[in-house]
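Chemist: In the order they appear, the protein sequences are chains A and B. Reminder that position 69 of the first sequence reads as 69 in UniProt numbering, one-by-one numbering, no gaps. Reminder that position 311 of the second sequence reads as 311 in UniProt numbering, one-by-one numbering, no gaps.
What the hints contain is simulated information worked out from the structure, not anything from laboratory work. Hints may be right or wrong, so weigh each one.
What the hints assert, rightly or not - Mimicking EDC-like on lysine to aspartate or glutamate, the simulated pairs with C-alpha atoms at most 20 Å apart in a straight line are: (1) A:K225 <-> B:E99; (2) A:K83 <-> B:E99; (3) B:K224 <-> A:E279; (4) A:K224 <-> B:E274; (5) A:K38 <-> A:D6; (6) B:K317 <-> B:D260; (7) B:K217 <-> A:E279; (8) A:K155 <-> A:E309; (9) B:K83 <-> A:E309; (10) B:K38 <-> B:D68; (11) B:K182 <-> B:E199; (12) B:K301 <-> B:E315; (13) A:K217 <-> B:E274.
Unchecked claim - Selected chain B positions facing chain A (Cβ under 10 Å, derived; list incomplete): (14) V50; (15) L54; (16) V84; (17) L87; (18) Y88; (19) T91; (20) E99; (21) K102; (22) Y115; (23) A220; (24) A250; (25) S271.
Treat the numbers as computed from the prediction; the structure is a model and nothing was measured. The beta carbon of each residue, even a glycine, is placed where N, CA and C say it ideally should be.
Number of protein chains: 2
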Amino acid sequence: MATIRDVSKLAGVSVATVSRVINQKGYVHEDTLQRVHKAIKLLNYVPNDVARSLSKKSTKTIALFVPDITNPFFNELALAVEKVTQLYGYTTILCNTNESAKIERQYIQNLKQKYIDGFIMATNTLTEEEIDQLDIPMVAVDRSSTPVVPTVTSKNRDGAHLAVQALLQQGCNKIAHIRGPKGLWIAEERCQGYLDLVENMPWFTPKLIANGNFQLKEAAEAAKKLFKEHPDIDGVFAGNDLMAIGTLRALQEHGIRVPDQVQIIGYDGISLAEMVYPELSTVSQSIYEMGMLAARILIKKIEQIHLDEENHQLEVKLVQRGTTRHG
Amino acid sequence: MATIRDVSKLAGVSVATVSRVINQKGYVHEDTLQRVHKAIKLLNYVPNDVARSLSKKSTKTIALFVPDITNPFFNELALAVEKVTQLYGYTTILCNTNESAKIERQYIQNLKQKYIDGFIMATNTLTEEEIDQLDIPMVAVDRSSTPVVPTVTSKNRDGAHLAVQALLQQGCNKIAHIRGPKGLWIAEERCQGYLDLVENMPWFTPKLIANGNFQLKEAAEAAKKLFKEHPDIDGVFAGNDLMAIGTLRALQEHGIRVPDQVQIIGYDGISLAEMVYPELSTVSQSIYEMGMLAARILIKKIEQIHLDEENHQLEVKLVQRGTTRHG
DNA sequence: CTGTTAGCGCGTTCAT
DNA sequence: ATGAACGCGCTAACAG
């Protein structure tokens, strides 16, 4: 690997000049510019990022933390983040914490030692104190743990309303909710949205809410139990698509027809939702939007560009497909 | 952030000594060792990886390239790789090439500038020449593009035999194959395995082979077309689980009962296979094994430890679940 | 056992 | 417009 010095020698200039042309900074005569370029081509020179990072104390790379890389939602988010960071000349590295706070901290420590420029967190285990102490730009997506960092989420409660309303209008007389993890803000909001509309219904009972932990398998188990105890449930609003698919699977296993006997609506709008049969009706949030927005905000923070609006709550929309009886 | 110099001053020793205790290299008196440790604690000192990398020309990090992060197979592989690299003190960064040779090359260029120590490729777009020129340790998993790098795969052809044999024994009279991408070695092998057993059957025709590109959606389309033209197909061997699930979905959409009317067997053994209904029968390869093995081999190559066996072909086994009529 | 010093490859004043 | 020289933080001889 050629170094900047090799180039400078070949071009008959100083390293400073070479540095100038590489970074397009400061004045440099047209002729010497050509000579330097030629030398670079000749030597197949590529600047060494490690050395560059050391002197600039910046790596032009950010990290995206996701709790579960297995969930398509986060894959799609990652794609979006990567797209914009790349556009701005940044590299993004994906960290799967596997829902483990310990792994998350390890990663953070590790990355800090590597001069990471910023974090996008789709996880929520960090305390405000830790974030402050970190002293590295950060933004939260989807889940947000604390108000001290810019956050991008969707209107979870509104979304839940949309879903439950549709189920109600389309003839459901007893609607259950498979919710996400206790204590997780977005799970609480979606649950609350469900409650807003059904709490005062004559048929309502808290037993209609089961925890599926945002996981397909757990949701399937929860659904089975739910239907055993309340065979007359005819509508399910799941806190995310994965759990909705798990519910669908449980019902199919028991020979219950969807959407004839039971209608299901999920939340997220992941592409897997269109790959099950019947295709899943869902409250779709623009995952791609969220990722792009978060990335843009982070980069602005890194480059110290002023943001007039740090927090965003994106609109959601109801997409009815095969698991509901609509129009 | 404190530097090694700060520590050395506080401890009243030279930076070299501090470096020695950090890296546990060379002799250092017990007393000074204590002093240094105390200083480190006091200053909350953490070595700067960038500086370290610059002088050692090594980052203790490797990259794993996958063609499609959306495919659970690669997620599971990533988990395995990460596990062992971590064990050996390495960090691994996940690169999703999205099946694009261009993105792959960009990543490689980028990482090379960052002193990456090695690559694990689950992709196959690199030519031998490029690999040679790269001059960085590398190992291939799953797909292997060339014989010049150590490779870890499974016995694809044997696996295909297992699947087709089972379908045959369990009463199938006309078996179709949804294959992976043309030109992709593992796809060819699995297809060949299928051919080995059915090529001479009276009912066989090449039209029974359709390309699903290892993609769920494409496979669903392919299956629909296949069944329209050959309604009497009663068995399908898919080149991977995703395509098997796509097939299942297509059949369900047409009201064809699985496994009563049609039996399906996939390939891979991803966990998603257990999450559809009926649960997917499949040729299971030990994805985790593959990942771990590849990582170990790579690390040995990096650390220049001799390997007596560079290439591995792992055993596979047939797992019969809900999409076949067994026993 | 410990300190001095010269790199690692590049960015960046400060002169000229 | 260009060059000399120092600094980024750490490792690795080489002396002692």
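Chemist: All the hints need checking, so say for each whether the structure fits it.
Modeler: Evaluated hints:
1. A:K225 <-> B:E99: 41 Å, violated
2. A:K83 <-> B:E99: 15 Å, holds
3. B:K224 <-> A:E279: Cα-Cα ~16 Å, so holds.
4. A:K224 <-> B:E274: 16 Å, holds
5. A:K38 <-> A:D6: 12 Å, holds
6. B:K317 <-> B:D260: Violated, at about 23 Å.
7. B:K217 <-> A:E279: 12 Å, holds
8. A:K155 <-> A:E309: 16 Å, holds
9. B:K83 <-> A:E309: 40 Å, violated
10. B:K38 <-> B:D68: Outside the cut-off at roughly 48 Å; violated.
11. B:K182 <-> B:E199: Holds, at about 19 Å.
12. B:K301 <-> B:E315: The given pair, whose Cα atoms are some 24 Å apart, is violated under the 20 Å limit.
13. A:K217 <-> B:E274: 9 Å, holds
14. V50: Nearest chain A Cβ about 5 Å off; hint holds.
15. L54: 5 Å, holds
16. V84: 15 Å, violated
17. L87: The hint is violated - L87 of chain B has no Cβ within 10 Å of chain A, the shortest such distance being about 13 Å.
18. Y88: With a minimum Cβ separation of about 14 Å from chain A (threshold 10 Å), the hint on Y88 of chain B is violated.
19. T91: 6 Å, holds
20. E99: Because about 13 Å separates E99 of chain B from the closest Cβ in chain A, which is outside the 10 Å limit, the hint is violated.
21. K102: 12 Å, violated
22. Y115: Y115 of chain B check passes; min Cβ-Cβ to chain A is 5 Å, inside 10 Å.
23. A220: 8 Å, holds
24. A250: Status holds, d = 8 Å.
25. S271: Hint on S271 of chain B: holds, closest Cβ of chain A at ~8 Å, below 10 Å.
Against the hints set out earlier in the document, violations occur for numbers 1, 6, 9, 10, 12, 16, 17, 18, 20 and 21.
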